[in-house]
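In case you want the letters, here they are:
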Amino acid sequence: MSASLGELAVRFGCELRGDPDVRVDKVAALGNADGASLSFLASARYKAQLRETRAGAVVLDSASASESPVAALIVENPYATFARIAALLHPAPGGPAGVHPSAVVASDAVLDPSAHVGAGVVVGARTRVGARAYIGAGCVLEPDVVLDEDVRLIARVTIGRDVELGARTIVQAGAVIGADGFGFAPEGGTWVKVPQVGSVRIGADVEIGANTCIDRGAIGNTVIEDGVKLDNLIQIGHNVHIGAHTAIAACVGIAGSTTIGAHCQIGGGAGIGGHISIAAGSVITAWSMVITTIAERGVYSSGIPAEKASDWRRIVADLKLHGRKRSTDNH
Amino acid sequence: MSASLGELAVRFGCELRGDPDVRVDKVAALGNADGASLSFLASARYKAQLRETRAGAVVLDSASASESPVAALIVENPYATFARIAALLHPAPGGPAGVHPSAVVASDAVLDPSAHVGAGVVVGARTRVGARAYIGAGCVLEPDVVLDEDVRLIARVTIGRDVELGARTIVQAGAVIGADGFGFAPEGGTWVKVPQVGSVRIGADVEIGANTCIDRGAIGNTVIEDGVKLDNLIQIGHNVHIGAHTAIAACVGIAGSTTIGAHCQIGGGAGIGGHISIAAGSVITAWSMVITTIAERGVYSSGIPAEKASDWRRIVADLKLHGRKRSTDNH
Amino acid sequence: MSASLGELAVRFGCELRGDPDVRVDKVAALGNADGASLSFLASARYKAQLRETRAGAVVLDSASASESPVAALIVENPYATFARIAALLHPAPGGPAGVHPSAVVASDAVLDPSAHVGAGVVVGARTRVGARAYIGAGCVLEPDVVLDEDVRLIARVTIGRDVELGARTIVQAGAVIGADGFGFAPEGGTWVKVPQVGSVRIGADVEIGANTCIDRGAIGNTVIEDGVKLDNLIQIGHNVHIGAHTAIAACVGIAGSTTIGAHCQIGGGAGIGGHISIAAGSVITAWSMVITTIAERGVYSSGIPAEKASDWRRIVADLKLHGRKRSTDNH
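Chains as they are written, first to last, in the numbering used here: chain Z, 1 to 331; chain C, 1 to 331; chain W, 1 to 331.
Next up, chain Z with everything else stripped away, as it sits in the complex (with noise of 0.2 Å):
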């Protein structure tokens, strides 16, 4: 869809510099923009772009305005405010209301008549789906599932039983929420499976990526808070507790019943132990691996920046050397 920069700027609350009246139908980079585009400024490490682009319009902060060649839309936060309008110019793919007729809905299951059932979806015993909900091609919801309002699985979703997901949550494809934990009782060299009888309570404005797994509780639930990011190919394990509006990068794994705080942040491959707690308003750089309690508040960090392979062998020994050698020494 298209909308005016003069529509633009009075709902998204900017001040306009430039002709009201321009309209621009989609977003794009600075360097690639044409007239009916907007793009945006949140770096001045682009600055040099927005001298040169032929956007329509360009959101960016007061402190840059000056420097943008064609009409702008100054706002404190351009990167949140440019977010905002490219979901209305670009609204997320949705499907009409109803039931495709390749579903398979049980007959008790609570559909609200403004959701979208998508073909060959499955949906089991007295699972309930919220207004304006999106359920994807392929996508399995067992019993006792609920989807609050405008929840979107984008498709082949599975859903375990008893699992509730709150409004607007929205879950990428091949994302597995609800699978059994990994817990088993050890007995004479064999493991008896532990029957993992809780569930995964997921809060509003979730997003959960593509081919993540979300376990649930062994005894009681698994709990991702509000507001919580989860890229793709993450592993949540049973009883582990994501604070409201943390954000973690592809490839994590989280072990059984850990805490992170709130507003964390995880960087992509980072590994959290088991039983453990990370303060709010962390961050883990990527590829670190956390397998004690983080009681204070900060940066931690782990992973180890590649070299050459040849220096590498040579520090990975004198590691090794030096380090079995002074621990000797000082014993």
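Any given hint could be a false lead.
Pairs count within a copy or across copies, as identical chains cannot be separated in the list.
As the list claims (entries may be wrong) - In the EDC-like style, the derived pairs of lysine to aspartate or glutamate whose C-alpha atoms are separated by at most 20 Å in a straight line are:
hint : residue 1 : residue 2
1    : Lys325    : Glu149
2    : Lys26     : Asp144
3    : Lys47     : Asp162
4    : Lys47     : Asp61
5    : Lys308    : Asp318
6    : Lys193    : Glu149
7    : Lys193    : Asp226
8    : Lys320    : Asp226
9    : Lys325    : Asp21
10   : Lys320    : Asp34
11   : Lys47     : Asp34
12   : Lys47     : Glu67
13   : Lys26     : Glu7
14   : Lys47     : Glu76
Since the hints were made in silico from the structure, they are not lab data.
Starting from the known structure of chain Z, fit chains C and W onto it as the hints suggest.
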């Protein structure tokens, strides 16, 4: 379902201290249990909770029995016994025998009449499904698959052609068993795909986690022996052989043609290189990297716990500086 | 199918030493081969097995030909030639041309009549599918997808809207191509979703592993060039660009907006940070972390091989103690 303590004591070989007619119908943690709940104590760490519990009964060992304020089921391995009772009280969700009308089953597939084939399942030619098997919604079984009795595929599982699963094996949602291994022959800077003509043999009583991948062999089979437990998002390369009762936590990758002995434990996020072997009974701690054969059973590690990032940057800088310097001095 | 050695020699440009009328109908390892099997020798390591083999014929190079006790197909690159012959003897499983009655295909999708659309497949509006494409059971193609000729989607693959795949590209089960990238604008401690309006362009002859995820671009496309080979459970962030014929092993994560040159090899479990580039022809060894640009082609590492845990704990303690001490001394 519910059971009396008397029945449980007889069935699971416990000594009962308390009223045999008390009934429990669910399991719960010590701190949340009510009078209809069964709880357990497997570690002295939780004795304070034991003393406060309101459970109907607690499974524990004889050393702790005197401290239970409620009925006690006394047994040598409380956690394993608790797991078995939990499975009785919370039976795994099943489905009716027979084939859902939306399933697509090849005419020459052989399904035991007691098996459940869920909505949207696809079963290929000549595939055989054993007694009481449960094939959840959206699973795809390619031709010539064999599922032994009581196998459970939770939902949206893919089983490649010729793959065989032993009795009682459970596969969580989204797992892919029998995709092509990663085999390519280099030729003039490009890659020629090597057909992966082997398959996968999975034993009895195996558990395979959500979105875990087990590749088919290049020539010959990938083998997972009886009782192996695999968590979510694990990668098992072609022609890997995993010995019986080995347990592997989430996010582990095992490269091709590696042999893991029986009764090993591999922590989350660990990486195991290709064409090596790991001695039976070994423990690899989380986020370690193993790229040479481990001939001697033991505990092995290479993960580094995270530090405050400011400290860690200095430690890494020093490691690299001195590692290079000393290794140069030694030349 | 079967072929005579004479036919194979002509078709694949080999010198034949042996009876041209001998027929083989499968491939096998040197040690397991019978008289109807073709085997190969690609490394001098296996010469002992060569001398004992009972294969019908062996593909090898001229330097080893004299040691074959059976018929020999002599060629410069035995492994690549073996791969091609294996593909002839073991053709990739196909399916009949046409659309399975259980598939749901948009009325304005354009399917080549020679394409196979399997059971339970969902094809969105305006999607185009080329000649001889194979779309296995349970795949979901969103609107405006383009699959070029001979593309193979094995099963339960999700292809997001507007994504294009080049000729002969193979996607293993469970892969998700074109999910939203991980883009959120911070605002007052919460996150505003940034619509991901780009797409994914995948070249010809690419292979994508099981449960691998390739995100769509934020603005502009994520690009995978011709001949790239991606193993299982890989994460490719938005706007990543991977050069032709690069091969990436399982469990690798590549953060957004990074450019990987052509002909690179990235080992399993490696992590590549965002907004960097890696020189063409580089090798990143397994479980390394790369977070700055690699401008010079080479081999790079930061993985540390595991030690006995008791030794490793002392090495780490020493690393941290001395790293802190020396870096303080240097201040």
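Against the structure shown, which of the earlier numbered hints fail to hold, in ascending order?
1, 3, 8, 9, 10
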